[in-house]
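> Chains A and B, in that order, are what the protein sequence lines are. Be aware that the first sequence starts at 2, since it is given in the working numbering, and climbs by one per residue. Be aware that the second sequence starts at 2, since it is given in the working numbering, and climbs by one per residue.
No wet-lab data here; the hints were simulated from the structure. Incorrect hints may have been included.
The list treats identical chains as interchangeable, and a pair is accepted whether it falls inside one copy or across any two copies.
[Said to hold, decoys possible] Straight-line alpha carbon distances no greater than 25 Å define the calculated SDA-like cross-link-like pairs of lysine to any residue that follow:
#1 K87 <-> K224
#2 K3 <-> L21
#3 K331 <-> Q231
#4 K257 <-> Q236
#5 K4 <-> S31
#6 K233 <-> G328
#7 K206 <-> R105
#8 K331 <-> S107
#9 K3 <-> V27
#10 K87 <-> K232
#11 K331 <-> R291
#12 K331 <-> Q236
#13 K87 <-> V27
#14 K4 <-> P18
#15 K87 <-> R30
#16 K87 <-> P32
#17 K329 <-> E90
#18 K224 <-> T51
#19 K175 <-> D290
#20 K224 <-> S98
#21 K3 <-> P234
#22 K257 <-> G39
#23 K175 <-> K206
#24 K333 <-> S31
#25 K331 <-> S31
#26 K224 <-> E212
#27 K233 <-> Q327
There are 2 protein chains.
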Amino acid sequence: MKKDRIFTPGPTPVPLPVGLSQVRMVHHRSPEFGELLGRVLDGLKYVFQTDNEVLLFTSSGTGAMEGAVANCFSPGDRVAVFCGGKFGERLADISESFGLDVIRVSYEWGQSADPLTAEKLLEENRDLKGVMLTQSETSTGAVNDVEAFGRVVSGSDALFVVDAISGLGAVQFKTDDWNVDVAVSGSQKALMTPPGLAFAALSDKAWKAVERATLPSYYFCFKTARETQQKKPPQTPFTPAITLVQALDQAIEMMKREGLTQIFARHRLLAEATQAAVEALGLRFVAADRSRAFVTTSVWSPEGVDSGDLVRLMRNEYGVFIAGGQGKLKGKIFRLGHVGYFDGFDIVAQVSALEMALGRLGYRFEVGSGVAAAQGVLVDGQEVQ
Amino acid sequence: MKKDRIFTPGPTPVPLPVGLSQVRMVHHRSPEFGELLGRVLDGLKYVFQTDNEVLLFTSSGTGAMEGAVANCFSPGDRVAVFCGGKFGERLADISESFGLDVIRVSYEWGQSADPLTAEKLLEENRDLKGVMLTQSETSTGAVNDVEAFGRVVSGSDALFVVDAISGLGAVQFKTDDWNVDVAVSGSQKALMTPPGLAFAALSDKAWKAVERATLPSYYFCFKTARETQQKKPPQTPFTPAITLVQALDQAIEMMKREGLTQIFARHRLLAEATQAAVEALGLRFVAADRSRAFVTTSVWSPEGVDSGDLVRLMRNEYGVFIAGGQGKLKGKIFRLGHVGYFDGFDIVAQVSALEMALGRLGYRFEVGSGVAAAQGVLVDGQEVQ
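Extracted from the complex, chain A is given alone in its bound form:
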């Protein structure tokens, strides 16, 4: 018997009550669905830690990122986009597609973005209309200091746009307190829901920018979304992915029961258990700073081992689905998962499969040392699990 286990940083495992809630089909203009949608929109405010309306779209997270660009800016607007991985690059690509004047602030993949660079850029470019940052750069595992960036950008006229797709609900993210003007996320990471829903939370400063912006948008029009969501009962401008919204409702209820503080502590513990295993196995991390890197653990594949082979072996032989490297890290790194619906025993299983696959690929290490190291961290942190 080979059981399938998903450890990818999105999609992530879906709890059974969440998965099952997709089976029933109701009409999106029924009073019942209106009530459910209202509950989901309230729940999103809780997860985003914002008092502002969180807009909901039927799309992948990238759709809401496009919405952020198209709704808040005009052609030729100068923006600085921090690029230290695939998703930072994507933010820059979207901005360029829509005719923005993009300053790509490239930093080494695996490093964290430096808030001082943003400060300097804002001083040198008084016309800067936006600073865009990826909170959790899923392609490297690095997690940026959004709070520090927020302090810097809030003192300027620029909008602070954050891709919080993989970080939201896994590590601390305070939309309002951290002065994030546009925070975007998606359903398929820490929110434990299948992919297909995306979200955007806007500050008052961002809504003022929306009024001035001239780029075209219809499907992702933020103003229309806000207007229809503020109806009583709330609606969406177009037929939403009803079954996914039902799933999200269940998932948010689970998150509320666990509570954000506990959720963040659990993610940290599972990340630290994974990190301990990786160190015990004598492997090196991709993310330089691990003090916030609790979303996904990226690891350099050992000398002579193509990470693609490792990923395939773990999947085909053991049913354990981890992610390989993306972009220029393809074949060089692998990424262990612990974002979303995971407990300590999942982590032990993942490390166990990793040890087995590494052994088969000829890497030498003390068998069981990874599993034991993870176990040690989990035992110490029992009250968190």
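Model the placement of chain B on the given structure of chain A, informed by the hints.
What follows is chain B alone, placed relative to chain A:
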């Protein structure tokens, strides 16, 4: 006991195997999902009756309509949009949002669009870049003669763009044979799948236009979608709504087993049974031409009866969810459903609930006459059911 029954023209009822297939979560880059996606994309070609690639997006149908506008045209391009209901108007709205020079060809709601008007427009506007038509205008029940329009537009340089969202899979629609350049549809009507997936099929003529078009697009970029879908195994540019694609796979398998010819015959029979009931109850149709109006049956509410009250009564008292009027028809019409996963007994139940609600609202008719009329048509057409 009050059982819920959805008779709205989208979302439509989801067969249990389709609904259940959403429960399992797999990774979208797994070989298993690649195979499933390939099967779905092939199945869409069958449903669209096209040899061209059908693009799949995670969005409502409106998203793919926006994609058609943004990918095939440039700012200032002159297009003629036929508007005889809410969805024709939406097509025009999207086109205007993206800066096209829109000729709104308005015709009376409930009427069908006239291909001769298109012919005249193409003669008078040699620079016309597109003609846009809604196949099944869900807000009125009227179904346009797409084939006749295709003949007219194919002789010109203009692209023929068709919103086939509610018609595809319910009534005949031959993308290639009818010279449709861009056909757009969605998952939640005749395809018996929950909402959240949208499709676009493009002709060679349309792909050439895509090469010239200058409007910005990223999430709905047709070229990127085609490139990634043509990989082996096929992929989508961004994380797709995995569980909905799994559901669509099941639904298309059901459609293939029944076969398009039989599906169209069934929709016609159920529509004719509904029409017979409406006539027996002494009510009037909104759609002037009923020879193709087999997607939804729109009916004028009797004198003194607000259709909103009728819809609410049927829903709240009998659990039967039909649609009311949209836009300027709000309160004036109601719409009986027979698109998607329906058989004759569903239609009898719908007419039965309609009779009960009409009676309670004071409308006078011979009790049972609607049900009997529907039954008569169904008995005559037994071999089709």
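> For each hint given before, does the structure comply? Return the numbers of the non-compliant ones in rising order.
No numbers; nothing is violated.
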